[in-house]
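Visitor: Mind docking chains B, C and D on chain A? Use the hints.
Protein chains in written order, with the numbering used here: chain A, 2 to 452; chain B, 2 to 452; chain C, 2 to 452; chain D, 2 to 452.
Keep in mind that the hints were calculated from the coordinates and are not lab data.
Computed list of lysine-lysine pairs in DSBU-like fashion (alpha-carbon distance at most 30 Å, straight line): (1) K443/A <-> K433/C; (2) K82/C <-> K74/B; (3) K433/B <-> K443/C; (4) K443/A <-> K221/B; (5) K443/A <-> K433/B; (6) K254/B <-> K69/C; (7) K443/D <-> K433/C; (8) K82/B <-> K74/C; (9) K69/D <-> K254/A; (10) K443/C <-> K433/D; (11) K69/D <-> K433/D; (12) K433/D <-> K433/C; (13) K443/C <-> K69/A; (14) K69/A <-> K433/B; (15) K221/C <-> K221/D; (16) K69/A <-> K52/A; (17) K286/B <-> K276/B; (18) K69/B <-> K433/C; (19) K443/B <-> K443/A; (20) K74/B <-> K443/D; (21) K443/C <-> K443/D; (22) K74/C <-> K74/B; (23) K221/A <-> K52/B; (24) K433/A <-> K433/D; (25) K433/D <-> K74/C; (26) K254/D <-> K69/A; (27) K276/D <-> K254/D; (28) K82/D <-> K433/A.
From the derived model, a few chain B residues whose C-beta atoms are all more than 12 Å from chain A: (29) A178; (30) P182; (31) A305; (32) D315; (33) R351.
Nothing here was measured: the structure is a model prediction, and the numbers come from that model. We put the beta carbon where it would ideally sit given N, CA and C, even for glycine.
Protein chains: 4
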Amino acid sequence: LQRRYSLGVSAQLLRTEGFIDGRWVSAASTFPVLDPATGHEIAKVSDCGIKEAQEAVNAAYCAFQQWKNHTAKERSFLLRKWYDLIIQHREDLAKLITAECGKPMRESIGEITYSASFLEWFSEEARRVYGDIVPSPAKDRKILVGAALAAGCTVVVKPAEDTPLSALALAELSVQAGIPPGVFNVVPCSREKTPAVGELLCTDPLVAKISFTGSTATGKILLRHAAGTVKKVSMELGGHAPFIVFDTADVDKATCVCSNRFLVQSGIHDAFMEKLAKAMDEQLKVGHGSEPSTTQGPLINSRAAEKVEMQVQDAVAHGAVVVRGGKRLQGSFMEPTLLSSVTPDMICMREETFGPLVPVVKFNTEQEALAIANASPVGLAGYFYSRDLSQIWRVAEQMEVGMVGVNEGLLSSIEAPFGGVKQSGLGREGSKYGIDEYLEIKYVCLGGLSA
Amino acid sequence: LQRRYSLGVSAQLLRTEGFIDGRWVSAASTFPVLDPATGHEIAKVSDCGIKEAQEAVNAAYCAFQQWKNHTAKERSFLLRKWYDLIIQHREDLAKLITAECGKPMRESIGEITYSASFLEWFSEEARRVYGDIVPSPAKDRKILVGAALAAGCTVVVKPAEDTPLSALALAELSVQAGIPPGVFNVVPCSREKTPAVGELLCTDPLVAKISFTGSTATGKILLRHAAGTVKKVSMELGGHAPFIVFDTADVDKATCVCSNRFLVQSGIHDAFMEKLAKAMDEQLKVGHGSEPSTTQGPLINSRAAEKVEMQVQDAVAHGAVVVRGGKRLQGSFMEPTLLSSVTPDMICMREETFGPLVPVVKFNTEQEALAIANASPVGLAGYFYSRDLSQIWRVAEQMEVGMVGVNEGLLSSIEAPFGGVKQSGLGREGSKYGIDEYLEIKYVCLGGLSA
Amino acid sequence: LQRRYSLGVSAQLLRTEGFIDGRWVSAASTFPVLDPATGHEIAKVSDCGIKEAQEAVNAAYCAFQQWKNHTAKERSFLLRKWYDLIIQHREDLAKLITAECGKPMRESIGEITYSASFLEWFSEEARRVYGDIVPSPAKDRKILVGAALAAGCTVVVKPAEDTPLSALALAELSVQAGIPPGVFNVVPCSREKTPAVGELLCTDPLVAKISFTGSTATGKILLRHAAGTVKKVSMELGGHAPFIVFDTADVDKATCVCSNRFLVQSGIHDAFMEKLAKAMDEQLKVGHGSEPSTTQGPLINSRAAEKVEMQVQDAVAHGAVVVRGGKRLQGSFMEPTLLSSVTPDMICMREETFGPLVPVVKFNTEQEALAIANASPVGLAGYFYSRDLSQIWRVAEQMEVGMVGVNEGLLSSIEAPFGGVKQSGLGREGSKYGIDEYLEIKYVCLGGLSA
Amino acid sequence: LQRRYSLGVSAQLLRTEGFIDGRWVSAASTFPVLDPATGHEIAKVSDCGIKEAQEAVNAAYCAFQQWKNHTAKERSFLLRKWYDLIIQHREDLAKLITAECGKPMRESIGEITYSASFLEWFSEEARRVYGDIVPSPAKDRKILVGAALAAGCTVVVKPAEDTPLSALALAELSVQAGIPPGVFNVVPCSREKTPAVGELLCTDPLVAKISFTGSTATGKILLRHAAGTVKKVSMELGGHAPFIVFDTADVDKATCVCSNRFLVQSGIHDAFMEKLAKAMDEQLKVGHGSEPSTTQGPLINSRAAEKVEMQVQDAVAHGAVVVRGGKRLQGSFMEPTLLSSVTPDMICMREETFGPLVPVVKFNTEQEALAIANASPVGLAGYFYSRDLSQIWRVAEQMEVGMVGVNEGLLSSIEAPFGGVKQSGLGREGSKYGIDEYLEIKYVCLGGLSA
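The shape of chain A in the complex, shown without the other chains:
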């Protein structure tokens, strides 16, 4: 893992400056982007501050005056072209994602395809908005901003500190697609400058809407900032999705590892643990994301790995049993870890983990499982396996989440509304509802017609 992996990305897509008003802009200093698997520096990126952020907001506001007057058909055409370019450069974009966040190439390819589907979908939705709209300049931290641009808004993107390269590559492709200057802006910045830049974007009166994906803690700070100008806000925050396996489940199908809160009913518990352990042995191969055989990459940085290690230690100290893994590896790597005899009060059941940790709680009754699942203050997604029709209905209805996977561990689909309830967020992305977040209803009452 110590060898240096070459990026192998075409020079044109490896961008390291801010992108403001259609121009690449250097900042006074730079910050390093690291390969989380090796700790090696991949690139030095311009560390934009409030000066650059302000310029980007101004540029977006000016560009908005023109962009909103493009017909929906014209916007649709440009977004489709951008989509086509992303699909064409899919391989290179995936390499950037793998390099800066560590995930295996196959997952990176999947992420780019799913992300690009937002552009395809909203290039189509643009022409399906009936009636008048009053869109406005918006700031969006997500990789893809199809809904906003389709609605006629312009955007300023502040990418996550660890992963600016993919957003900058998309900016390059937006130029090639013909998106006008100022419509799409990117201001990368370091962890140090992020709070000030975030505050500026949330308080500047020219910004009409904030869209944020990230931790619940950061989301609350941004909400507070945004209150002062009564901005519209969309939030996709933490999830901590429960994954429940009932006795009636088909154990052969229920072995997905997409959650960090497993609840397994006593009658099926032992069979399930055996299957899952075996699946982890067979399917999880730890390594650098750009190795074809890798199915489990590093965590996003070493702090994240430390946190998982601490959760394992806490669980074991309170009686959990390590069935597989349990140890931290070098750098940001962690052994895929399966814990049994877990109880709801252990830290790993109360705090969300972003790592290969699978804690399993054994439960007896449906009611008990629902109580544990719903005890969380967040509610993004939830999963359960059952073949009992009545139980399926009951549990789907009672799970306090925005999305439910029944006998299914993969939920994301551009046709379905993505988003959570409780402290998991505000608003929905994708689907026919997604564009609403960027529109204002305008009611025009035409009087005096009987004269």
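Guide: Okay, now just chains B, C and D, sitting in the frame of chain A:
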């Protein structure tokens, strides 16, 4: 004006205690409700504090567990019954409104009818929600809460300090209609206790949604409180609606007095001023709201009257001409006032007034009028009069407001979405969109079907 | 059964003349309405012909010019009032239905309640039609015409020959509700005059839309007539619903007798037959509809009873076994009959029966059951019982019908769209889709706005 | 005009055989396709009869079993590919249209672009259908069948007798796009064989839906055929659109020649006639469609030219004045003709013309114009020019047509619903409503969930 007006309301509807969990609850102290026209005390009302507010939230949360499981048809039936009772007691409810806020009886009757139409509309909407919902207990400061109850939510209402009686009378009617205990709660409180009660309602994790109607300043405070638990929020805040009269307008129809920011084009300006002054002479009769001849009541309290007086003084000091009125009368009363030669920088054009003040700015071009109209940080409604089809289209599109009245000074209709853009608020009330504010989309993905 | 049952209906609701343009109109002759249980004459009804039908069409056309200009809110108010009157007179209306079509009182009450719900629903829908509409005079043979009237259409109703009294009673209530003259017209006529009246209604150019509920054979004749003037047409024709019980079903719940084509899987067949026979013994009590204990009334007339008898004879001749009943009783009565060892080629499986005949086919595989169920040229509703989630999905998707009942024998609900595929009809009734049948989309393109 | 124009189309797109189940199929005989401008034969095309039509229906029915099970995403992808190929071959396809129907190349290019937009639009709509569908094999006579294929239906196209080549070229492109065999079939046939083929397609029980564009007379015949199997039917029939110019119109903008029924108010009449005559002089250049300068091609065949000539003679005999043109030219050509002093009883005002004839009726009042405009039994589109806001509202509401152009002579847009009222047709094409014509609503009631 100094004589004491008797309320003449049936004893059953004159309620002065808090209403929590289906019971009338006394607080440790009381606060007075005054007739703004005379300053006389109408009633002493229980001054609920955080203890009562917390009880109400708990009651609403418990009641929610049952209420959400009522079928939509059952909820619809109860809301319809409540609506029928309100219409039946319309006269008494209007008397309470006139007594506590001063407006003429005819307007109070109109307000009750419009408010009740929310209950009728949402009793019907209840059955038109397709798919799954995850509603939650909510707090609503508005008189009518049809949308929330229709969606299966339960509510805690904190009425405005000056006007608790009408909300309490509605609580009495909800009992008669058979709405279950805990579904609808009212916690009246004094100006002193309001901040603490407001904070509790906005921060308690059991409350899932805040809906507020009031000033932009207070709205921002509540938004900040609500951020900590990522609550859904609806806000109907300040408006300061512009009213533009273009040269092409029919001057005989454009003399509505529903706005505090008049912009009149130079070619029609003098004719318009003459008509408007004459209309004010003929139509505005200042007096106690319960006198049948009254068309202009007092302001809500004497502080409000002082503010208008100060605005007039400021305007005159900067060159405005008093065409009609201009003087403060006794107590909360103010002469209906028409000002000409007003400029956009005067206080009356920058700060919203809630009184009979009509400042008129003369302008030359359409562009100039739009610039003045849109310079405000808020954007609820806007009005304009014109007979030029192209101009109608252009101006309707460019006004930065949520509702536009074209040749029409009255916009409110339950079929149309009510709400504003910019700092005028978040969300829409009424219409087919109104119930969305109280619903969460739940996406259920049913997998494993091909086995 | 030979005793004479008194109607016991208030004189005001027992109407025997045609109802045209708000007036009760006698025809040159009358025709008798018979109690199908006893054959006794209940009433003599005016036998309207093409002269009266033409008058009714003209009246509806004239009334349409005013009715369409009522606001939706006004129409909504009148329909709600009519609904309230029907619910108030529910008992009397049910007596009329029982008297003229024979069904038990409890079912008649249910029918009136369900029918009235159309008026309630569409009185609400009226206000939810957004945008422009071009409605038109329409003829409707169904008892309730809420959708048409809500949309601003006026109607001429031609009731079924055997059952004109309930439609005439509704006309009386429409007068009391304040529905204007000409908006709702009824032209009762005898079996002899029906073809000429039907043709006139389907060919007159003043009639814009035909809505028909009845046999597929008659439906086809009306479609041909309507072709000459390109009328809009809605049809609710024959059903012959299949009812499938799979091995995985809960046999205790699957014993509804709402179908005439039972398909039962071999593994559950014998248990099911036993349960069903027992249920028939216990629950089916043959008698006059107005006897409280009756759960099975007569068929609509003696020809219908003859047809069922013939079907039983045919089935037995080809190998079917009579498990219960099998014999025709006096008049229009027939013993509730359960047949086993039925095959798909027997007449009772190919032609729809309107009587208490339950033929059961035993099958082995899901595919076999679907092939038999889908072999019919009609496809209104279909039912099946299963607890296997995958099977439920597969079968619901593959059944060629407009409505599917899964583990449920009762489908009708005003919130759900009622209607069939294949030769079962055209269009949908009820639900948010129902009003579309009476609306035309009008697209208005407003040009020249940039001048 | 007598010289022979070469087609200049790539051989691959000049197809002359039927296209059934993915194969090019010769019939026993052929029929000639003529250039309407010269009368020269362009191609000999296979004259398919009921044998070939039956094969096509069977193929479509078989293909349907697979095609409906493609995911919407897959169908969407194939339709998009077909769209891309059509745009790529736009020039060649336009040449085929010009060759076989005579219209100028610029118009043919426009037609292809508009037609192709149906495929683009419905490739997108395919993924926006929520809920279950029961689509079925359909026959469509229109060039483009995007909605049907998007919905999962398969189609048999019977092109118009005079113009089979463009439909066959599209079949070739469908192969290149990868549309599976049997999904899209074309059966060209001669005028002689058309009635029998039409009847077969309308009566075969395997066909579930008929969509027809053509004359009202033929539409009625097909409706009668379709009645016997209760098929769903969409019809786009005759229009005879009125074009009203009110005194308040901007005469410089109202000179479009897109209608054959002009109504001009007396105050603007003379100015309008002068402008229109001048516009015809300057803009209409008669010639072969493939000459770049041509703006007016021939009529579809010489019978059509004879009909226009007869209408002119009738009008003149009854008092009309020939302002421009009036004479038939060689073959299928006709001089662009402007008539004044026309009255509503002349044949040209009662029967639709498909040629360059502009009869103008002078009227005095709005009411008079509406009476003349609405006197027609058909109602597809209507146009009017006015700058009076109240008049615009009134006239748009009262015109009995499906589409209204206000100050605008071009209405077609894929985003808007295309279709008429009265005898102009049934159903709507394009827009979000268009796909409904090919879908059946399926209501699934899932019971037994409380167990």
